[in-house]
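Chain by chain, the residues run as shown.
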Amino acid sequence: MNETFALEVKNITKRFPGVLANDRVDFNLRKGEIHALLGENGAGKSTLMNVIYGLYTPDDGEIFINNQKVEIHNPHDAIHAGIGMVHQHFMLVPVFTVVENIILGSEITKRTYLDLNTASKKVKQLSHDYGLVVDPDAVVEDLPVGIQQRVEIVKALFRDAKILVLDEPTAVLTPQEVEDLFVVMRNLTERGVSIVFITHKLKEVLEIADRITVMRRGKVVGTTTPSETSEAKLAEMMVGREVLLQVEKAPAIPGDVVIKVSDLVIKDERDLVVVKDVSFDIRAGEILGVAGVQGNGQTELVETLTGLRQAESGTITINGTIMPFQNPRVMIEAGIAHIPEDRMKHGLVLPYSVADNLVLCTYYRPPFARGIERNIRSVYDNSERLIEQFDIRTPSPLVSAGTLSGGNQQKVIVARELSRENHLLIANQPTRGLDVGSIEYIHKRLIEMRDSGIAVLLVSAELDEIKSLADRIIVMYQGNIVATVDADKISRSELGLLMAGSQVANIPSLN
Amino acid sequence: MYDLRTAAPWKYFFRRWKGVFIGGIIIFLVIIFSYIKNSAVTEAVLASAVRQSTPLILGALCGLLGERAAVINIGIEGQMLLAAFVGFLFNVWTGNLFLAVLAGVGMGALLGLLLAFMSVTLKIDQIIGGTVINIIAIGLTGYFYKVGMTTKGKLQPIPLGPLAKIPIIGTVLFNNPPITYAAIVLVFLVHYILFHTRWGLRTRAVGEHPRAADTLGINVYFMRYMNVIAGGAIAGLGGVFLTLEAVGSFERVMTNGRGFVALAVMIFGKWTPLGSWGAALLFGLTSAIQTQLQFGGKVNIPHQFIGMLPYLLTIVVLAGLGGRARPPAADGIPYEKE
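Here the protein sequences come in this chain order: G and D.
At position 161 of the first sequence (counting the first as 1) the number is 161 in the working numbering, and the numbers step up by one without a gap.
At position 100 of the second sequence (counting the first as 1) the number is 611 in the working numbering, and the numbers step up by one without a gap.
Since the hints were made in silico from the structure, they are not lab data.
Values in this document were obtained by computation on a predicted structure and should not be read as measured data.
Check before you lean on any hint, since a few could be wrong.
To be verified - Which chain D residues stay away from chain G? Per the calculated CB distances, all over 10 Å, these:
{"hint": "1", "residue": "Ile677"}
{"hint": "2", "residue": "Leu712"}
{"hint": "3", "residue": "Ile800"}
What the hints assert, rightly or not - From chain D, some residues computed to sit far from chain G (all C-beta separations above 12 Å):
{"hint": "4", "residue": "Leu540"}
{"hint": "5", "residue": "Ile542"}
{"hint": "6", "residue": "Val552"}
{"hint": "7", "residue": "Asn607"}
{"hint": "8", "residue": "Asp636"}
{"hint": "9", "residue": "Gly681"}
{"hint": "10", "residue": "Val717"}
{"hint": "11", "residue": "Leu727"}
Claimed, not checked - List time: in silico DSS-like cross-link candidates among lysine-lysine, alpha-carbon distance up to 27 Å:
{"hint": "12", "chain 1": "G", "residue 1": "Lys110", "chain 2": "G", "residue 2": "Lys121"}
{"hint": "13", "chain 1": "G", "residue 1": "Lys345", "chain 2": "D", "residue 2": "Lys848"}
{"hint": "14", "chain 1": "D", "residue 1": "Lys781", "chain 2": "D", "residue 2": "Lys634"}
{"hint": "15", "chain 1": "G", "residue 1": "Lys10", "chain 2": "G", "residue 2": "Lys249"}
{"hint": "16", "chain 1": "G", "residue 1": "Lys69", "chain 2": "D", "residue 2": "Lys848"}
{"hint": "17", "chain 1": "G", "residue 1": "Lys203", "chain 2": "G", "residue 2": "Lys249"}
{"hint": "18", "chain 1": "D", "residue 1": "Lys848", "chain 2": "G", "residue 2": "Lys219"}
{"hint": "19", "chain 1": "G", "residue 1": "Lys31", "chain 2": "G", "residue 2": "Lys69"}
{"hint": "20", "chain 1": "G", "residue 1": "Lys260", "chain 2": "G", "residue 2": "Lys444"}
{"hint": "21", "chain 1": "G", "residue 1": "Lys260", "chain 2": "G", "residue 2": "Lys249"}
{"hint": "22", "chain 1": "G", "residue 1": "Lys489", "chain 2": "G", "residue 2": "Lys444"}
{"hint": "23", "chain 1": "D", "residue 1": "Lys848", "chain 2": "G", "residue 2": "Lys10"}
Glycine included, C-beta positions come from ideal geometry on N, C-alpha and C.
So here's chain G without its partners, still in its complex pose:
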């Protein structure tokens, strides 16, 4: 072998109790390339990178940097070997400033005095050199996630990283921020940095990667290049079977209006108007998609529709009845199902069992309760039935919901919400953070609900999701509905423009 690899691992094996997370994994990274590591959640991508970064000790295997064997026992060794890692959940201290976060562990001092001024200058120089603009004195918790990620990258560069591991860097970003990140990544490789890009998003891989390695169940399935492969082929490698990337759906047959929203005005916690005079209606048997970059009022709108938040003015009418505000139980009993944005925080009580989570909306009613007493037997029977019906992979209905994978947690929520009698389903970012197989499953279910005559409101920041599922689309920008269009009359890029604040008048196909 003549080629010098920036990083090469051979035969890495890592066992966790009951799981073989990495099974004799071989992987190499050429100098100055972007090498995508693709796989579903739990395929072993993050485990492999944590081994390389010294956070896990492998049971077997070797690591080489520039063809030299190295021993990495802890992050300190990894940093010393020129490896920098941007973790999926940022490793930033929220109350520290940018520069404090960057120098932490590699501080610049004058005798004992922490020299933040010199450090700030060095950070500014680095930001300038690599085109990563950050304000060294800003407090991290005030920064948007895209900028926080930039801080993480600068942090690695500050330590002279030549190899950069980005763990699911796009999961938390808006489409525009993803584009910015890709520019930064290309910039870095031009300056001799080699990048491992971990993801499960196929489109991004094809767009940015030089080579692609796919992992499944702890093993490397194969390595390929974007020109040799396609989304469908990659998905098949990831999942191990053919996957439907495009949802199949018949044209909608809309019925009566289920929900009518008129002139809704909503304020957020800081007393700012975040939803301005919003009106729309949804008919039975159609999916209305709400497109928009996160933070343009969608969250507050959904919270108001599900009874979690007070509106300043306006009305919500469901099946002809004007609904009160801020009364979740009335909304549930009126037949609104809700798949919340943050499944860990608002969708499930993580320490509760799967069985209890499945009756969170109905626990107080027969058959799950007799007067003040719960009927545990029927709660258990109900859970067994739903686990079977919705294909929830759990060792038992009695394990806590927090131990399940993200996809299965989402299935628990879907099972709970769809097993009641519904008229309206509100799904907010229903596939965020899920792998291809789970996304396919959720999409199928949404179409099924529509076809059974339920009105569906789908809020998503993923353009493709909105485009492929929705029958009609409203675009929200700064609290206003800037456009209402039929899904088949607008292109992906036009939708992107509207989300970024473009006027309808500037979109030719809508005029």
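Once you have looked at the hints, place chain D on chain G.
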């Protein structure tokens, strides 16, 4: 929302510390007024306030060093008590005050080590760990203390030359015994260490986001151990203050809740040494006024009620005026390596 951090620095500073500013001005005016009325009593009360605040600020420094590294220490009371007793014993045996102080400080550090071992290594609930220390201290001192042990003197005030001759300030600040001086120095020293050194940055990181510190190669356990031990030593100094500087002898449970008031002082001071010092002085002042009212004999209120004053203040301050202080994010949570 209007973000304070983007405003002019002095505006930000003022808004953040508005209550403190206004309170400070009121107290200052009251002191001036009272000094004009009766200078001798005012000086005595203020000097007493500074001395009463000494064990509180030392306790608070102990608490905040621990909590900045995410270890809650409710065993300050016990650390102070046992250190006070050990210092007293050494004074009885050796008659050497310097050795006695060292012994007390060492005892405090040892109890810090015990707390760190329980909460960092064994990952026992930190409230239980601290309670264990409190119970041990009450038990051991109660068992070994014999009435009739006599000491050979206590630490005496050292006037700092001409500084001690300035009216009010001289008597109050520059004519104190050594541990009181040490406490003031420690306030600034701990402030410098926490906010202007590598050690402090790492300590705060460990208290806010230990995993982030870990991924940068910082030894979370080591940082926690060292800070809790250093805190214990400082609490020990607060303990020997009672036996070797304030009273000169030992009594059962003589800390009398100061370790807990120190925690309140720390919270009121928003986990900062300077803020805590201000809070400790405030509590010291109410204690001094309380003593003055009780023994001045001019007020006709049962002394039990006057005795409540400092504790009532604790409740009022923590419930209302403290503002929304934010403890370190990882406070009280043991760190598990992956």
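Tested hints:
The beta carbon of Ile677/D sits about 31 Å from the closest Cβ of chain G, which is more than 10 Å, so the claim that it is off the interface holds. At the 10 Å boundary, the C-beta of Leu712/D falls inside the reach of chain G, the nearest C-beta of that chain being 6 Å off. With a minimum CB-CB distance of about 37 Å to chain G, Ile800/D clears the 10 Å threshold, and the non-interface call stands. Its beta-carbon lying about 35 Å from the closest one in chain G, Leu540/D satisfies the requirement of being farther than 12 Å from that chain.
Its beta-carbon lying about 35 Å from the closest one in chain G, Ile542/D satisfies the requirement of being farther than 12 Å from that chain. Once the 12 Å rule is applied to beta carbons, Val552/D is consistent with being away from chain G; the minimum gap is 44 Å. Its beta-carbon lying about 32 Å from the closest one in chain G, Asn607/D satisfies the requirement of being farther than 12 Å from that chain. Look at Asp636/D: its CB is around 17 Å from the nearest CB on chain G, clear of 12 Å, so calling it non-interface holds up.
For Gly681/D, the non-interface assignment is confirmed: its Cβ lies about 32 Å from the closest Cβ of chain G, beyond the 12 Å cut-off. Its beta-carbon lying about 10 Å from the closest one in chain G, Val717/D breaks the requirement of being farther than 12 Å from that chain. A Cβ of chain G approaches the Cβ of Leu727/D within 12 Å, the least distance being about 3 Å, so the stated non-interface status is violated. Straight-line distance between C-alpha atoms of Lys110/G and Lys121/G comes to about 15 Å, which keeps the hinted pair within the 27 Å bound.
Between Lys345/G and Lys848/D, the direct Cα distance comes to roughly 24 Å. Compliance with the 27 Å bound is thereby established for this hinted pair. In summary, the hint linking Lys781/D to Lys634/D is supported, as the alpha carbons are separated by about 26 Å, within the 27 Å threshold. With a C-alpha separation of about 45 Å, the suggested pair Lys10/G and Lys249/G falls outside the 27 Å cut-off, and the hint is violated. Under the criterion of a C-alpha separation no larger than 27 Å, the hint pairing Lys69/G with Lys848/D is consistent with the structure, at around 26 Å.
Simply put, Lys203/G and Lys249/G have alpha-carbon atoms about 22 Å apart, close enough for the 27 Å limit, and the pair holds. Restraint check: the Cα-Cα separation between Lys848/D and Lys219/G comes to about 25 Å, which is no more than 27 Å; the hinted pair holds. As the CA atoms of Lys31/G and Lys69/G are separated by approximately 17 Å, the hinted pair is consistent with the 27 Å bound. Taken as a hint, the Lys260/G and Lys444/G pair is honoured in the structure, with Cα atoms around 26 Å apart against an allowance of 27 Å.
Among the hinted pairs, Lys260/G with Lys249/G is consistent with the structure: their alpha-carbon atoms are about 25 Å apart, no more than 27 Å. Taking the CA atoms of Lys489/G and Lys444/G, the gap is near 23 Å; set against the 27 Å cutoff, the hint holds. Taking the CA atoms of Lys848/D and Lys10/G, the gap is about 25 Å. The hint holds against a cut of 27 Å.
Comparing the model with each earlier hint shows violations of hints 2, 10, 11 and 15; every other hint is respected.
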